[in-house]
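Chain residues, written in single-letter form:
There are 2 protein chains.
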Amino acid sequence: MQPASPYNGGVGSVRFEVVAQCPVTGARAGLLHTPHGVVETPVFMPVGTQATVKGLTPRELAEDLDAKILLANTYHLYLRPGHETIRRLGGLHGFMHWDRAILTDSGGFQVFSLSSLRKVTDDGVLFRSHLDGDEHLFTPASTVDVQLALGSDILMALDECLEYPVSHETARQSVRRTVSWARAAFEHFRRQGETASSLFPIVQGSMFTDLRRECAARLVELEADGHAIGGLSVGEPRALSLEMVEAAVPLLPRDRPRYVMGVGLPEELAEYVARGVDMMDCVMPSRNARNGCLFTSRGRVVIKQARYKEDAAPVDDHCGCYTCRHFSRAYLRHLFLAGEILFATLATLHNLRRYLDIMRELRQAIILGAFPESARRLCALPGEGK
Amino acid sequence: MQPASPYNGGVGSVRFEVVAQCPVTGARAGLLHTPHGVVETPVFMPVGTQATVKGLTPRELAEDLDAKILLANTYHLYLRPGHETIRRLGGLHGFMHWDRAILTDSGGFQVFSLSSLRKVTDDGVLFRSHLDGDEHLFTPASTVDVQLALGSDILMALDECLEYPVSHETARQSVRRTVSWARAAFEHFRRQGETASSLFPIVQGSMFTDLRRECAARLVELEADGHAIGGLSVGEPRALSLEMVEAAVPLLPRDRPRYVMGVGLPEELAEYVARGVDMMDCVMPSRNARNGCLFTSRGRVVIKQARYKEDAAPVDDHCGCYTCRHFSRAYLRHLFLAGEILFATLATLHNLRRYLDIMRELRQAIILGAFPESARRLCALPGEGK
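First to last, the protein sequences are chains A and B.
According to the working numbering, the first sequence is numbered sequentially starting from 128.
According to the working numbering, the second sequence is numbered sequentially starting from 128.
Just so you know, these hints were derived from the structure itself, not from any lab.
One thing to keep in mind: the hints can contain errors.
Any copy, or any two copies together, can satisfy a pair, since identical chains are not distinguished.
Taking lysine to any residue pairs in the SDA-like style, the calculated list, with each CA pair at most 20 Å apart, reads [stated by the list, open to error]:
no.	residue 1	residue 2
1	K436	R214
2	K436	A276
3	K436	R207
4	K246	E262
5	K431	N418
6	K431	R215
7	K436	H224
8	K436	L216
9	K431	D259
Bear in mind the structure is a predicted one, so any value in this text is a computation, not a measurement.
Use the sequences and the hints to build the structure in full.
Dropping the structure here:
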């Protein structure tokens, strides 16, 4: 068993330590101790959906980006190659050759966004695979089992993800179900006597602050090692996403990490950090990279544009990534237009570096007591680079 | 000007040195001195068609594979992004961040295989781009100019590539034209006073030994720094390809490198080396990699096969590549079935390593006087691995 710690009274092995706090905003710098290393927070977690961050080797993730934690998708890995297969091959860490921390999501978001013919009951959710149409059942207990088979360091409890907008009544029913599923998940998780991982519940409640608060209050009773806020980035205005975070955060214990799922744009990261968020993930940097949209310290570069045809400058001359150290915008544009695989690699390396650099800058600013200035500068980034 | 050397009386800067010779076969080990480093021969050159070896960073090519020379395609780069663009961006070496040697082909093969509506005259070949249908003219002089703009270390003279089979008369006409184009190319090349690169002519002659011999004899008069044998791997039986090489090689000077274009399978490499060939290139290792066919020391592994689903072994337990050191067949199969970009990277890294390892093994065997045994073992590889 993990020895009792001053930071953490939960059952799992993830411990959180706040090392500095912004005196003006809710921003804090912390250390997240996991069985696979210490993660400095606030942290952005690159998304490795199918046991790979698209386009990058684990060596590039560790050595170029110094990423300390990745997110992988329970839904995808459950369907292919199957969690039992991954368990037999050493869990996700062994399977994908990643010896740092891994967080897995609950599967809920993908069930509700990718699968068809789903049927939600109090027991769980019945759905058809987007790959072959086969029917599967996810329950609070089964998704814990899947994530334990994957060997995840941080697991998520099954939640119901709603589209936007929905009625207050629909959202209320859904919060009731998410809370009941979370209780079932924790009961099952604790029965396993698992000490090498932690389970986080997910605050839902659509875009209703009262429901967000109620959901958070109920979930805190579970005494989890950390808490997630989900159901955002589903089409709502950005101001509303932030409002939902603002509603939930004050109810979540200060000594546990707070994780907002599926956000955000580079210029939004500081907004969440300012509200006391410690962890984030998003496909944005990697997906946009593959689509030719590069994030820089001066805004976006849409690499296919003709003005970059003979541009010998790097994507971002303030960036120290492998791509910016060695390749011109002109070369990247050529790779993009030629449909070359190397474009995905170089662009993803750069965009993820940009996200991680922003988070490192914010963390440093918190520690130095200069978070508001840093945040203001980062939030004011233009949409399109020179 | 390059100082006169005992190895090389040509005009260019590439010098060749034979360091060992097999007493039984025609195999020899050499050193190819280029303006961008020394290349140990026999050598296999990875193909970087559009200024990138598909799926690999130049760092992986240099640090993982220790490739000393790459091939790039004149036709592709001429059309996109354009040779003048590449010249302005530091030539191919600067553009793609590769400071080792680069060989460019003549453009002939792609004009004859990819473009449409071509018209061949004694002046050159008029063709339509496979990208946008625009009309372009390649002449012996213009393709030299394109390759000089690319900053290639080794250029190829424009040649006419025939389909297979053709009549003796057609092949005879084509040899006449290829020789006349080569003369024009050398005249133009020498007028430029270029000292940082060498131009190789290409022996053609379809599958007729008399024409191959005649073509080789005529081209040797140009006193080039090296010679290529082209027009193979166009659908002919493998025995015939080897016969054409056997016909041409004895006519090519022993103190200059011999390059057979577009070959071959792993088990064929030793066959060419045995016949006195020093340089080869082929898309096979990289293209097959992307299609899930992996070459190993025990034969082929077709990674999608169900038997690899939970196979924890590396692709080849005798291989020291990044892929084999860290990833299982099961993981590679998963990446392949999931259509992940990382598969292309890991598979290409492995297949190219296999080709380069074979060439290093053959070179070592030549130096140690054990080439025939090595060659016999490598030529007897089964088609399908365990």
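Status of the hints after comparison with the structure:
no.: 1; hint: K436 / R214; result: between (48 Å within a copy, 13 Å between copies)
no.: 2; hint: K436 / A276; result: between (48 Å within a copy, 17 Å between copies)
no.: 3; hint: K436 / R207; result: between (40 Å within a copy, 11 Å between copies)
no.: 4; hint: K246 / E262; result: within (11 Å within a copy, 59 Å between copies)
no.: 5; hint: K431 / N418; result: within (10 Å within a copy, 28 Å between copies)
no.: 6; hint: K431 / R215; result: between (44 Å within a copy, 19 Å between copies)
no.: 7; hint: K436 / H224; result: between (38 Å within a copy, 17 Å between copies)
no.: 8; hint: K436 / L216; result: between (46 Å within a copy, 10 Å between copies)
no.: 9; hint: K431 / D259; result: between (35 Å within a copy, 17 Å between copies)
Hint check: no violations occur; every hint is consistent with the structure.
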